[in-house]
Amino acid sequence: MGAMNFQVIVLAGGGGLSKKLSPLVTKDLPKALLPVGNRPLISYVLELLEASFIKDLLVVVAGDEAATQVENWISNAFDDRLHVEVVSVPEELETADALRKISHRLTADDFLVVSGDLVSDVPVGAVAALHRRKDAVVTALVCGLPNLKSSEGSTGASSKDKTKQPVSDIIGLDYSQEHLLFLASSGQVEKELRMRRALVRLAGNMEIRTDLVDAHLYAFKRIVVQEVLDSRPGIKCIKRDLVPYLIRSQLTLGSTPVPASVSDGGSDPPRAGSVENGAPAVSISGDEVSSLLQRVCSIDSSLFKCCAYVASPGKYCARVDSLQAYGEVNRAVADEVIHLTQYVVSSHNNVVHETAVLGSKTTVGPHCMVGEGSQIGDKCKIKRSVVGRHCRIGSNVTIVNSVVMNYVTIDDFCSIQSSVVCSNAHLLERSSLKDCQVGARYVVGANQEYREEALAKKEKSSS
Amino acid sequence: MCTRRQDERFYPAGPEEPEGQAVLLADSFAQQFRPITDERPKVLLPLVNVPMIDYTLEWLASAGVEEVFVFCCAHAKQVTSYLEREWTSQSNFTVTPIESRDCVSAGDALRVIDQRGVVRGDFILISGDTVSNMSLKEVLKEHQERRRKDKLAVMTMVYRRCKPHPLIHQSRLGNEELLLVTDPSTKQLLHYDSLKEAGGRESTKQQTLARQVVLERSLLSHRPAVQLCSDVQDCHIDICSPEVLLLFTDNFDYQHLRRDFVKGLLSDEILGNKIHTYEIVGDYAARIDNLRAYDVVSKDIIHRWTYPMVPDIRFASPETGIKIGRSNIYKEDGVVLAPSTIIGPSTVVGSGTSISDKSIVKNSVIGRGCTIGSNVVIEGSHIWNNVTIGDNVQIRHAVVCDGVNLKAGAILEPGVVLSFKVVIGENFTVPAYSKISLVLQRHEEDSSDEELEYAEAASGVAGSPPSPLYDRMSGSQADDGDEAPESPRWDPLEVGVGGAGCKWSTGQDDEWRHSVAPIPAERVREIVAREEEAELEDAARDMITSSRNDNVAEQLDDDEEADEEDDSLFFDKEVEAFFRRAVTGESSVENVVLEVNSLKLADDRSFSDCAGAMFRALLNLAAQEPQTTSGELLQNTRQIVVQWGSLLRRFLKHQDDEMEVLLVFEEICTEDNKEYAPIFASVLQELYDKDVISEEAIIAWASEKQHADESDKIFVKQCEKFIQWLQEASEEEEEDEDEAAYPEYGSVASATRCVAKSMDALISSDRTDLSLPVQIAQMRDILQLCSHLSTYEE
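Read top to bottom, the protein sequences are chains A and B.
Under this note's numbering, the letters of the first sequence match residues 1 to 463, in that order.
Under this note's numbering, the letters of the second sequence match residues 1 to 794, in that order.
By construction, these hints were calculated from the structure, which means they are not laboratory data.
Fair warning: this is a prediction, and the values are worked out from it, not measured in the lab.
Treat each hint with caution, since some may be false.
[Said to hold, decoys possible] Derived DSS-like pairs: lysine-lysine, alpha-carbon spacing no greater than 25 angstroms straight-line: (1) Lys-315(A) with Lys-239(A); (2) Lys-191(A) with Lys-713(B); (3) Lys-713(B) with Lys-383(A); (4) Lys-434(A) with Lys-674(B).
[What the hints assert, rightly or not] So, partial list: chain A residues that the calculated Cβ filter (under 10 angstroms) puts toward chain B: (5) Ile-102; (6) Leu-145; (7) Val-189; (8) Glu-190.
[What the hints assert, rightly or not] One side only, chain B facing chain A, incomplete, derived with CB under 7 angstroms: (9) Val-213; (10) Ala-225; (11) Ala-338.
The C-beta atom is built at its ideal place from N, Cα and C for all residues, glycine as well.
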């Protein structure tokens with residue numbers, strides 16, 4: 001990978017500002033350090049990159065305070081394994097702006113931008129290799145919509161549930177599934193979808209997919225992207241502005257502001273056969289027409305092509321970008337992609353730390369995790385859940401489909417379903433939660449019953 | 001009303017379709033072949049020395065079609081007499097001409113055919129200028145199988161891969177490039193987009209349309225993927241169900257098959273009709289709707305792509321022998337060639353034709369009985385029958401019709417069309433793309449004219465009006481052009497000294513697009529330059545709009561979730577409001593159906609959503625009536641179902657819709673109206689009895705619930721007995737079908753069984769889940785049933 005001369009940038013987000021993950025993410029707990037399967041979220045990306053032999057990387061964190069925390073954790077955990085530099089950028093910046101801020105540090109021909117909330121086992125090297133092989137301007141990793149099966153399962157869900165599916169993407173691919181022809185998140189597209197006819201024409205046969213999502217892992221060609229970022233201040237967000245702009249500009253040859261500095265080696269000569277078999281007779285031949293044709297007869301000959309690496313169906317790829325996704329990814333890392341965590345799975349198909357204490361008649365089901373030093377009382381039931389470190393859990397407690405972070409105290413007879421309980425929270429006796437999020441240090445009163453609520457202390461009091 | 005007629009017509013035919021029927025339109029309702037088609041119908045024009053219609057009929061006969069209705073309009077006499085002469089004596093293949101004089105479009109033609117009532121089942125709809133060798137078996141099978149599952153799949157369209165020219169953006173057949181959007185899993189056509197159909201290239205709006213593809217967002221909802229194909233060619237071979245004819249009759253403004261009918265069907269979701277696509281691979285299919293296509297298909301025939309429809313297999317008229325030589329040179333018997341004549345590759349020469357010294361013929365078709373002088377050059381041209389060509393004539397990429405006389409030294413530049421019996425004077429050069437005919441061009445289209453092009457009949461607008469000296473001619477257009485007018489004074493500037501004919505102006509400057517001549521280089525350059533300019537403009541505009549949209553997009557993201565919840569509530573409310581108006585008599589049932597359907601369209605809902613909302617409205621109404629016990633509620637509900645069940649049925653198009661009703665019912669029982677919970681089973685039975693919910697739907701619902709959570713299963717459990725009975729009854733039904741049907745319970749046997757079952761259920765002590773009133777209600781049911789039974793047995 002080093003030989004391939006890629007620089008890697010991890011956009012790790014910050015603390016507090018992310019509305020989608022409140023009340024989980026706070027100033028005290030930046031998104032990068034949010035525990036997923038009892039490990040900080042960013043560790044998954046770092047290990048994924050490490051597995052592709054990427055050693056040098058730049059982690060961009062929004063906000064100084066958050067940056068310090070992230071830096072501390074990384075330097076402890078990856079001390080001798082990776083060379084990581086943490087850079088902080090102002091909190092309010094969007095992704096493309098953040099890229100602009102650190103643009104001067106980019107020197108390699110190509111660079112990778114990875115979202116820090118990616119949990120995946122797709123080989124990053126393969127994305128980079130496709131990018132190089134195609135000599136693309138951008139190569140995006142796209143993957144199948146997570147959990148499509150479960151949401152359309154036969155549980156008798158009424159058709160209303162279909163509309164509640166997580167916001168997905170609309171992705172256009174050509175016949176080879178390698179060229180990216182369209183990208184928008186479905187929220188962006190209101191009534192109609194507009195595309196360059198020239199691009200559709202060039203692709204000949206194009207598929208627009210709604211069952212794929214953009215994984216927010218991109219390989220970029222540096223000089224093109226730097227030029228575009230400099231000349232187009234309107235581009236604020238990588239996914240919303242930059243990538244669609246590059247896609248649209250695939251055909252605008254010679255008119256892009258970028259000096260054409262592309263090596264001849266990569267581009268294929270136009271295939272004469274493909275032109276002849278369908279085209280009406282044109283009376284001229286020779287260099288002129290063939291040079292005209294070269295420009296328009298195949299995407300491969302485009303100088304600024306955009307590519308997509310479609311992850312093979314067996315691979316896991318998800319982003320922790322919403323509360324729902326947080327719950328799902330936690331369950332997944334305790335289950336089908338447990339190999340990402342490198343934990344040792346017990347004979348009960350779960351991970352219970354050796355220092356954890358379980359009371360009598362307490363059952364911890366398969367695909368559960370119980371962290372270091374946690375104590376669980378008698379007759380508890382834990383199903384498909386992750387319990388963090390040093391939790392104190394009383395007796396007769398039921399925890400189903402939930403995430404309990406560290407140092408949480410749960411008193412007797414509590415019931416927690418499909419909820420997230422943050423660190424240092426306290427659930428008093430017989431409280432019951434369903435589809436709730438409990439913020440850090442929040443105390444849930446005894447005998448209280450909550451449904452679909454976010455319970456958190458106000459930010460002010462916590463800081 | 002439309003649906004009823006469909007049923008009557010479709011069902012008698014039954015699943016085993018006895019014979020293949022085809023409707024052949026022997027009129028293209030277009031003007032592309034003018035002025036030739038003023039004198040002879042297009043389907044009788046020779047294509048490699050055989051009338052075009054022979055290719056179509058021969059293919060239909062060989063593909064197993066047994067009955068063809070040939071719709072004739074322009075020059076109907078000529079077509080019918082030709083058919084009588086050549087095609088009526090075939091066994092197992094009947095050709096029936098249908099004549100109508102006042103049709104101006106394919107739509108009119110299909111309406112006439114519908115009136116005649118000759119089409120009995122699925123049929124193949126083609127025009128008489130189609131050359132193909134595809135097998136119809138598979139596409140027919142696919143169509144019929146689909147129809148059996150989904151009655152709304154009314155048409156299957158055949159297409160073929162063919163990449164349009166990357167610079168000129170038209171296919172090799174000269175058609176504008178086409179964009180088909182299909183669902184890759186079902187092959188359903190979702191969008192049909194052709195630049196030509198979009199209008200022209202003139203206005204700015206159309207120009208942006210030409211550069212942008214605009215798709216409805218709704219196409220993507222509920223679909224994992226859609227496919228956009230721009231490398232396809234529409235073969236204009238359609239497999240249609242009889243409903244297609246009805247649709248044309250119902251929509252009297254449908255004229256053009258693609259522009260009106262296909263677009264209309266795709267945009268009209270009230271009836272929900274669907275079009276599917278079928279791709280042919282390897283087989284040949286093409287429609288000749290312009291001169292370029294004529295040239296290209298001729299070459300394909302000579303190159304034997306259309307096998308067995310090739311020149312040396314005389315399918316229609318086997319009287320003359322033909323020899324095929326190397327590099328596709330075909331010579332019929334009786335060709336007289338001087339020794340120094342050079343016949344180049346890909347050439348056909350008809351019998352009785354003589355070619356003198358040192359003439360060169362290549363890539364051309366020469367008809368029968370032609371006399372060609374010496375030192376003549378013929379290249380890439382189509383010379384029909386009995387043409388006289390003098391010495392030193394040069395013809396490149398031209399069409400020369402029957403009886404034309406080219407005097408010595410004449411030169412035809414590329415793209416020239418000479419209609420019947422035109423004479424070109426000595427040493428005269430006919431400029432490129434000229435069209436010359438003995439028939440004067442009419443400047444005002446009268447309705448008796450056979451080839452009116454719908455809505456776009458613009459011809460000769462820019463042409464110079466004919467000078468007064470031709471005026472006496474204008475009334476004397478002979479139908480077949482057999483008699484040339486005596487001693488007309490033709491303009492020597494148009495046809496040379498001693499020539500005959502006048503030049504037709506088309507008023508279009510893109511004549512080169514559809515001509516037989518190759519596209520000149522400067523045109524290509526022009527197009528490319530224009531394209532690049534446009535791209536630049538687009539890119540500039542793009543940037544401005546995209547930066548403006550930024551904020552809007554963000555807000556949308558946030559609001560969306562909340563909106564959707566509201567939307568579905570709002571939808572339910574609206575449907576209920578419509579329903580209430582029907583209950584109070586303010587509005588008729590028909591109106592309610594119409595209103596709900598339009599709401600469905602506006603909100604992008606499915607029939608299931610409508611059915612669910614409608615059912616909710618029904619139950620709400622029942623719950624409103626005064627009541628104290630579950631028994632009364634059940635009684636109320638019964639009445640409502642009896643009264644309004646038929647309305648609800650209007651939205652139950654599919655088993656899934658019925659399941660949706662059941663799911664909504666469950667939801668109501670657990671959330672909104674818990675009073676219904678204890679009588680779930682009874683209401684379900686009522687719905688079944690009144691044919692609102694089918695037995696299949698109930699069984700499917702039950703089996704789907706089998707794997708659900710325990711909490712989800714209460715209602716299935718409540719209905720267990722009923723479902724069990726249904727399952728047994730359906731098994732039973734297969735065994736003794738001949739047993740007389742009992743109005744409500746299928747048969748005496750099953751009714752008796754039902755009584756027994758219900759009694760069991762009631763008596764058995766484990767049914768504690770039923771409250772007393774419900775038990776009473778059930779008891780009443782049983783008694784009712786018994787009385788029914790006794791009356792039946794009497």
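Checked hints:
no. : hint                       : verdict
1   : Lys-315(A) with Lys-239(A) : holds (22 angstroms)
2   : Lys-191(A) with Lys-713(B) : violated (39 angstroms)
3   : Lys-713(B) with Lys-383(A) : holds (22 angstroms)
4   : Lys-434(A) with Lys-674(B) : holds (22 angstroms)
5   : Ile-102                    : violated (22 angstroms)
6   : Leu-145                    : holds (8 angstroms)
7   : Val-189                    : holds (5 angstroms)
8   : Glu-190                    : holds (7 angstroms)
9   : Val-213                    : holds (5 angstroms)
10  : Ala-225                    : holds (4 angstroms)
11  : Ala-338                    : violated (30 angstroms)
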